[in-house]
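Model the full assembly from the supplied sequences, consistent with the hints where possible.
Number of protein chains: 2
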Amino acid sequence: MKGWVVVAGLGPGADGLVTPDVAAALAAATDVVGYAPYVARVLPRAGLALHASDNRVELARAAHALRLAARGRRVVVVSSGDPGVFAMASALFEAMEGRPDWQRLEVRVLPGITAMLAAAAAAGAPLGHDFCAINLSDNLKPFDLVLRRVWLAAEGDFAMAFYNPRSRARPDQFRQVLEVLRTRCEPDRLVIFARAVSTPDQEIRVVTLDTAREEMADMRTVVLVGSSRTRAVGRFVYTPRSA
Amino acid sequence: MKGWVVVAGLGPGADGLVTPDVAAALAAATDVVGYAPYVARVLPRAGLALHASDNRVELARAAHALRLAARGRRVVVVSSGDPGVFAMASALFEAMEGRPDWQRLEVRVLPGITAMLAAAAAAGAPLGHDFCAINLSDNLKPFDLVLRRVWLAAEGDFAMAFYNPRSRARPDQFRQVLEVLRTRCEPDRLVIFARAVSTPDQEIRVVTLDTAREEMADMRTVVLVGSSRTRAVGRFVYTPRSA
Numbered sequence: 001m002k003g004w005v006v007v008a009g010l011g012p013g014a015d016g017l018v019t020p021d022v023a024a025a026l027a028a029a030t031d032v033v034g035y036a037p038y039v040a041r042v043l044p045r046a047g048l049a050l051h052a053s054d055n056r057v058e059l060a061r062a063a064h065a066l067r068l069a070a071r072g073r074r075v076v077v078v079s080s081g082d083p084g085v086f087a088m089a090s091a092l093f094e095a096m097e098g099r100p101d102w103q104r105l106e107v108r109v110l111p112g113i114t115a116m117l118a119a120a121a122a123a124g125a126p127l128g129h130d131f132c133a134i135n136l137s138d139n140l141k142p143f144d145l146v147l148r149r150v151w152l153a154a155e156g157d158f159a160m161a162f163y164n165p166r167s168r169a170r171p172d173q174f175r176q177v178l179e180v181l182r183t184r185c186e187p188d189r190l191v192i193f194a195r196a197v198s199t200p201d202q203e204i205r206v207v208t209l210d211t212a213r214e215e216m217a218d219m220r221t222v223v224l225v226g227s228s229r230t231r232a233v234g235r236f237v238y239t240p241r242s243a
Numbered sequence: 001m002k003g004w005v006v007v008a009g010l011g012p013g014a015d016g017l018v019t020p021d022v023a024a025a026l027a028a029a030t031d032v033v034g035y036a037p038y039v040a041r042v043l044p045r046a047g048l049a050l051h052a053s054d055n056r057v058e059l060a061r062a063a064h065a066l067r068l069a070a071r072g073r074r075v076v077v078v079s080s081g082d083p084g085v086f087a088m089a090s091a092l093f094e095a096m097e098g099r100p101d102w103q104r105l106e107v108r109v110l111p112g113i114t115a116m117l118a119a120a121a122a123a124g125a126p127l128g129h130d131f132c133a134i135n136l137s138d139n140l141k142p143f144d145l146v147l148r149r150v151w152l153a154a155e156g157d158f159a160m161a162f163y164n165p166r167s168r169a170r171p172d173q174f175r176q177v178l179e180v181l182r183t184r185c186e187p188d189r190l191v192i193f194a195r196a197v198s199t200p201d202q203e204i205r206v207v208t209l210d211t212a213r214e215e216m217a218d219m220r221t222v223v224l225v226g227s228s229r230t231r232a233v234g235r236f237v238y239t240p241r242s243a
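Protein chains in written order, with the working numbering: chain A, 1 to 243; chain B, 1 to 243.
These aren't lab readings, by the way, just hints derived from the structure by calculation. Some clues are possibly wrong.
Covered stretches of chain A (chain B as the covering partner; in silico rule of three or more C-beta atoms under 8 Å from a C-beta of chain B) [to be verified]:
id, region
1, 16 to 22
2, 80 to 93
3, 111 to 119
4, 166 to 173
All residues carry an ideal CB built from backbone N, CA and C; glycine is no exception.
Structure follows, in structure tokens:
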């Protein structure tokens, strides 16, 4: 048996957002590797080994998947959303550094619906023009760089999507991000807090920048910030194509 | 019959990248509205009216869809990629301005795999850290604003995805974008030209900024520019999680 690794995006939560390519890869797999809550979204079946791991062990998880494939297993590494957006694909390639044997394996990345696209669709079309996606976690980069990127994005009048806006370990940083936005953007700038998008827990909350508060976000939230042109029409929020 | 409008993303081309939610909406529709090449991707069937229109008539097309829904039709407006990323969703909400009757209709946006995510997956994980998506067309915005956003994105060391990089009507502007990048980025910065992603015509070309040329792009190309940290491992290109 020839082994392979597929890094697959399961989308934000709903089965209706899992692509047929990802479903086919899961059907052909012998092993599924990933962070436990994502592995739990895969239907168990005979002949399929499920390897659930903790958060923040991405490199070890990637190496595990590559070792399995090198032994002839057909491995799907599952990510939430899209594997290439703040998820497992980068970790897999990082784990291949200095390992020419692993670089020769059959490896494919299957895209998925990333949280910001599902959140935008639920709200209307707030990312309808130029936008930036920024991971607010300072787990692997200095927080000053986060703030600098937010500042530049506001300076360019981009719409923005913030991933991992807030966690228990850093409850205060998102407040600093809101402060930076307030120095560059008008008080009535639209901000969308999209929590648990496409799941039964989904909550979409639209507020203005002057009323946005850090406690409106948690780790299940993606935050979308409109450009200066973003506006409401009826119950929808959209950014005009001419922004 | 109660009418509705669904704005659906068909993904970049492959059937395996069309979500089940989008397939279900098409199965329930009475009418499909869209730019002719996208409507051509929908399988004809009895009871389904296909309304193909030209490029650059987005507002008229959106109004057509809303009028049909107001008459009780079940309408899917098809976009390539994701409808919320440089596509039809914004035009639909724009068409609702000043029309409270249309704002009361049942309207939903169904996300899709946008070109940059499929292109990134085909190349590895070049959008693996903070990135910007910029529409290079100056059809609806001044080209100076395009250049300014590219400059700011480079200044923030974002990875970048460029949509609509080049057309026959503006063959020279993409050269100016490359020039701006060259003032801010090192000559060996990785640039990916991804053409017709996920279709039989797919071509992925990875070059360095100093060898990138405007004629490498056309209207079927999405261009990805790495951050300063983006690197190659084996045949893949990825941006480390720590960028």
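Verification of the supplied hints:
| no. | hint | verdict |
| --- | --- | --- |
| 1 | 16 to 22 | holds (count 6) |
| 2 | 80 to 93 | holds (count 10) |
| 3 | 111 to 119 | holds (count 6) |
| 4 | 166 to 173 | violated (count 0) |
Hint compliance for this structure: hint 4 alone is broken.
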